[in-house]
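Can you build the whole structure from these sequences, using the hints too?
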Amino acid sequence: MKQAFLIAPLLWVLALPAWADARGAVLLEVLKIAEIVKILQAEGETYAETLNQEMLQGKGGAGWQLQVANIYDPDRIADTLSARLDAELQGDLREEVIAFF
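Note that the numbering used here has the sequence shown beginning at 1, numbered continuously upward.
FYI, nobody ran anything at the bench for these hints, they're computed from the structure. Check each hint, because a few of them may be wrong.
Derived EDC-like pairs: lysine to aspartate or glutamate, alpha-carbon spacing no greater than 16 Å straight-line [what the hints assert, rightly or not]:
1) Lys38 / Asp79
2) Lys38 / Asp75
3) Lys32 / Asp92
4) Lys38 / Asp73
5) Lys59 / Glu49
6) Lys32 / Asp75
Below is the structure:
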């Protein structure tokens, strides 16, 4: 019985990061980050093609395409947004944002 009283707080402390990760996932879902990333990628690629045509006379080539693909990589964008939201929205503030959306 004494061990249960010692182990229970330890389990609770170990569960906190998992709970925080779950709330972070909920935050990304309610903010529709996946949809936002798709829009950012599409708009960025469209704008990059405009730049290629207007400023590079359509000669950006494979190097240009590679740079654009790296800049507008959906995983990179999502990871960056997730990290910033996680850093800026903690505790009660995160819960308020989740409740609002």
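How the hints compare with the structure:
no.: 1; hint: Lys38 / Asp79; verdict: holds (13 Å)
no.: 2; hint: Lys38 / Asp75; verdict: holds (10 Å)
no.: 3; hint: Lys32 / Asp92; verdict: violated (20 Å)
no.: 4; hint: Lys38 / Asp73; verdict: holds (10 Å)
no.: 5; hint: Lys59 / Glu49; verdict: holds (11 Å)
no.: 6; hint: Lys32 / Asp75; verdict: holds (14 Å)
The structure fails hint 3 only (numbered hints given earlier).
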